[in-house]
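**Student:** Given next are the chains, with one letter for each unit.
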Amino acid sequence: AQTVTQSQPEMSVQEAETVTLSCTYDTSENNYYLFWYKQPPSRQMILVIRQEAYKQQNATENRFSVNFQKAAKSFSLKISDSQLGDTAMYFCASEAMDSSYKLIFGSGTRLLVRP
Amino acid sequence: DTGVSQDPRHKITKRGQNVTFRCDPISEHNRLYWYRQTLGQGPEFLTYFQNEAQLEKSRLLSDRFSAERPKGSFSTLEIQRTEQGDSAMYLCASSPGPEAFFGQGTRLTVV
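As they're listed, the protein sequences go chains A and B.
Counting from 1, position 66 in the first sequence corresponds to residue 66 in the working numbering; the numbering is continuous, with no gaps.
Counting from 1, position 26 in the second sequence corresponds to residue 26 in the working numbering; the numbering is continuous, with no gaps.
The set of hints was computed from the structure by calculation and includes no laboratory data.
Take the hints with a grain of salt, since some may be wrong.
List of simulated lysine to any residue pairs, SDA-like, C-alpha gap at most 20 Å [stated by the list, open to error]:
#1 K57(B) x D98(A)
#2 K57(B) x A96(A)
#3 K11(B) x G97(B)
Please read these numbers as outputs of a predicted model, since none were measured by experiment.
The whole structure should be built from the sequences, with the hints applied where relevant.
**Tutor:** This is the structure:
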């Protein structure tokens with residue numbers, strides 16, 4: 001079965017510092033999408049950043065960037081200048097190996113930003 | 001509000017009762033997904049629709065579960081004869097393509 005692995009159940013970072021969340025995945029496809037979603041406490045899941053596998057350039061969205069290593073099947077998220085509002089569960093997800101666009105999620109990393 | 005809307009937000013039910021949840025997707029999105037999320041885990045895929053057609057169901061979706069999307073608009077997820085193991089957050093998402101937009105979820109507690 002297709003899997004996504006997040007090996008860090010919890011992370012903590014000081015406000016204004018930088019933190020990196022890890023994710024590995026498996027797929028036999030060549031073209032696919034990878035995502036990081038943020039789920040704040042008791043709030044809905046929102047998309048943080050998206051990477052298309054055929055693009056060599058790492059995606060960046062303001063303070064959020066990814067390190068996409070296609071050969072290693074690694075997809076880490078870097079949050080720069082961490083803010084208190086970044087406190088949330090972060091889920092890495094890959095697109096399933098079919099045309100459905102359904103998502104395969106990792107188990108999540110709980111990030112706490114300390115003031 | 002043009003986001004994905006789910007109703008109810010919370011549902012407490014006794015074991016053995018039937019429950020139904022509703023999802024209103026973003027209007028121009030033709031794909032609609034249901035996921036289940038248990039405490040401390042990532043969401044797991046249950047089923048999805050393209051317009052009104054239900055194209056895939058996960059093995060997680062036992063015969064006590066049924067989902068519909070009449071006319072390709074809102075969707076309902078019904079659980080019959082609920083069991084304690086059904087307690088979870090049920091998430092709905094809609095998408096025009098690869099990027100999914102999630103609702104706030106319905107938290108089901110079976111007592």
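**Student:** Against each hint, give a clear statement of whether it holds in the structure.
**Tutor:** A quick look at each hint next to the structure:
Proximity of K57(B) to D98(A) is assessed by CA-CA distance (about 14 Å); at most 20 Å being required, the pair is judged to hold. For a cut-off of 20 Å, the pair hint linking K57(B) to A96(A) stands: about 14 Å separates their Cα positions. In summary, the hint linking K11(B) to G97(B) is not supported, as the alpha carbons are separated by about 31 Å, beyond the 20 Å threshold.
The structure shown violates just one earlier hint, number 3.
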